[in-house]
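J.: One letter stands for each residue in the lines below.
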Amino acid sequence: MIDVQQITKRYGQHTAIDRVTFSLAKGEVLAFLGPNGAGKTTTMRILTCFMPATEGRATVAGYDCLEQPLEVKRRIGYLPETPPVYQELTVGEYLRFVGRLRGLTGATLTSAMSREIERLGLGSVQHRLIGNLSRGYRQRVGLAQALIHDPPILILDEPTVGLDPKQIIEIRELIKSLAGSHSVILSTHILPEATAVCQRVVIISGGRIVAEDTPDRLSTRLRHSEKVALTLTRPAGDTEARLRQVDGVLHVHANGPTGHFLLESQLGKDIREEIARLAVTSNWGLVELKLISMTLEDVFLKLTRHEEGLPHGSEQAASPALTMESGKEGASA
Amino acid sequence: MTPVNTLLAKELRSYFVSPVVYVVGAVFLLIVGLLAYIYIVFTGVQAIQIMQVQGQSQVNLNDLVFRNLFSSLRFVLLIVLPILTMRLFAEEKKLRTFEFLMTSPISLNEIVAGKFVSVFLLFLGLLGLTGLIPLTLALFSDFDWYPVLTGYLGLVLLGALFIAVGGLASALTENQIVAAFVSFGLLLFFWLLAGVGSLLGDTPAGQVISYLSFMEHYDHLVRGLVDTRDLVYFVSALTLMLFLTHRVVDSTRWK
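Going down the list, the protein sequences come from chains Z and A.
Here the first sequence stands for residues 1 to 333, where the numbers follow our numbering.
Here the second sequence stands for residues 1001 to 1255, where the numbers follow our numbering.
Keep in mind that the hints were calculated from the coordinates and are not lab data.
One or more hints might be untrue.
Chain Z regions said to be covered by chain A (calculated; three or more residues, Cβ under 8 angstroms) [to be verified]:
no., region
1, 42-55
2, 63-77
3, 97-106
The C-beta atom is built at its ideal place from N, Cα and C for all residues, glycine as well.
Taking the hints into account, I'd like the entire structure generated from these sequences.
T.: Encoded structure:
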């Protein structure tokens, strides 16, 4: 439904997004994950034809965003960062206005309005002025606005911001229920949200895509990207070299004070037993041998913090990028 | 409803649910009524004086009331219309609904047209209410309706131009106060061009500068002269302003 090829957006000297490439299949829910200022909103604004890309090509539902913006706009429901509500209108008036603007009339409009009011729990506030509603209700009105014309594609910029935990769960359930019949892109900087709702996660940082995979595969990978911390009281001169010779060990870092080592092992390979045997037989004084598994947060932080050394963010480079940082888990790619 | 009608209806609704239109409308009608009252009373006093001297009196209401009134109305419009237009685009940008509008399936032409027409209709409504003044006068006196109607045509064209300038100013900023002041500034500038033009007199430069100002064209209509030149001026100036608004709104997306 969405195909983005090498889009770049520059504001003067500043490059907001750099050669971003990804695609979205019909019925798929994709999360755009990244810290604030990573380029999530810019990408979404290009997809919704709000602004043109400096370079590259974006097609939505088969229509080019530059050449046929009206066709693209008809097929998209878009919730910007700030819910785009007119404070002087009531919820009902606003939804009627939006529905008409998107070409709904008569009975279709009425039924679409009652469907969204029902779906987002706006029944009790539909005759109230939006200006008098709380942040959470405005956010829901914003969502209703994006859904009212039942678009095949939904683009939601941080849809759960400003909601209370109960509402967040409701909205996540709603998005999940849309999967299959709708293609959804949502941006977030909250990791669990991405894993809870989406079938695929694109991690974006500094304007480049640094990783892309399903949440399951991401976490599977992370579970297997094992690191082992080793502490010895009597390390010998050749300890580091001999540790490196153990089957499955990829890297050995002398970590901090003498005797502390950080070992990186191949995916799915537990090297602890072998290391323990070696340490004991060599009489290095083994005091600690600990498996350090990276959480999704660790990788996310790593990916988004040290973007300098990363491969540039085309899709091909994206998967190995997961394992960057001096190629520790290099074998995964 | 087409998208442009939908937007137009929503804009009008937004005006009528906010106090602005009532306050501005009331002040506008009050000032116009007061001005008309002053000119009529003044004319009455003159008529009595003439009658005392000459024994009979035939004052020209067209000259003494309507021309004065129409001349003063220029200034009233200059104050009132920027207040009505300042919110057009600035408010959308401030409240972040601009992005919503620009990502809705409505073309930029339709957005600019819908917004312009909404204020224009509002203005026509207010102007229609001032029609009570000539209608009331017609009950008690005789005057020539033709220059009154061309004067109203002048007001309609002048108002449309002022609204387009106000819309342009509003597209330039997200601050409504700034938008209002920019439109005051632009309108006063074009007003004063007439002065510069008459200083330069009958030189080519003077003629060009006078032509650029709306003053001369409006004056012709108030005096009952319907000249194609003046109509062309208003239509082309209006088109230019709407075109510039379109460009400015379009360019804000690129930033």
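J.: Are there hints from earlier that the structure breaks, and if so, what are their numbers?
T.: As far as the earlier hints go, not one is violated by this structure.
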